[in-house]
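Asks: Sequence:
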Amino acid sequence: MPTKRPTIVLIDDDASVRRALGRVMTSAGLDYLAFESADEFLASALVVKSGCIVADMTLPGLSGLDLKHALNARQSRLPLIFLTAHDTTESRAAAHEAGAEGYFRKPVDTQALLDAIHWALNEQQTSSPIPSTQPQPQTADTPIP
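Count along the sequence shown starting at 1, add 60, and that's the number in the numbering used here.
Among the hints, erroneous ones may be present.
In silico EDC-like pairs for lysine to aspartate or glutamate, Cα to Cα no more than 20 Å straight-line [to be verified]:
id : residue 1 : residue 2
1  : K109      : E157
2  : K109      : D91
3  : K166      : D147
4  : K64       : D91
5  : K166      : D74
6  : K166      : E183
7  : K166      : E96
8  : K109      : D99
9  : K64       : E183
10 : K109      : D169
Worth flagging that the hints you see were computed from the coordinates, not collected in a lab.
Given these sequences and hints, build the entire structure.
Replies: Right, here's the structure in full:
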C-alpha cells in the first residue's frame, strides 16, 4: 500500500507570498495547500497526518503563535515553521518557547526554508512518542540554540 505523501500547509495573509511559496514547493516536488489565515486552516477540518506547516507569525485573527498554541493543545505533532517580516528578539523567544521547528525572516531564503522543511519531515517520520534530543538544524534564521 503506497504511503501518503506529506503535505506542506502554507498560511500567509499575503496572496503573493502564498503564490511564491507554492511555486517553491512545487519546484521542490512537495504537495502543498495554502490558506489566508490560521482561522481558515483550522475551520477547514483538514486532517493532515504527515507534513509541515509554514505560517506567518502575524496574521489576521489568530496569529501564527496562537495557531501553534492551538495545535499544541490538540496534541498535534505537525511541525510548524514561522515566517515573519517583523523579526524581534521577543518573537524569536516566543516561537522557540512554543516549540516551533524554525523561524525565518522575510524575504525568506528559500533553500534554507526547504532544508528546514525536509529536516522537519524527516524528524516527524523518525520520531517516537518520546521527544528527540537530537539537535535541530541551524541557519542564520532559526532561534534554536
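Asks: State for each hint whether it applies.
Replies: Each hint tested on the structure:
Note on K109 and E157: the hinted pairing is violated, with a Cα-Cα distance of about 23 Å set against a maximum of 20 Å. As the CA atoms of K109 and D91 are separated by approximately 13 Å, the hinted pair is consistent with the 20 Å bound. Among the hinted pairs, K166 with D147 is consistent with the structure: their alpha-carbon atoms are about 9 Å apart, no more than 20 Å. Proposed proximity of K64 and D91 is supported: the alpha carbons are some 11 Å apart, at most 20 Å.
Simply put, K166 and D74 have alpha-carbon atoms about 12 Å apart, close enough for the 20 Å limit, and the pair holds. As the CA atoms of K166 and E183 are separated by approximately 24 Å, the hinted pair breaks the 20 Å bound. Between the alpha carbons of K166 and E96 the distance comes to roughly 17 Å, so the proposed pair stays at or under 20 Å and holds. Simply put, K109 and D99 have alpha-carbon atoms about 19 Å apart, close enough for the 20 Å limit, and the pair holds.
Our distance criterion of 20 Å between C-alpha atoms is met by K64 and E183, whose separation comes to about 16 Å. Note on K109 and D169: the hinted pairing is violated, with a Cα-Cα distance of about 27 Å set against a maximum of 20 Å.
This entry does not satisfy hints 1, 6, 10, going by the numbered hints stated previously.
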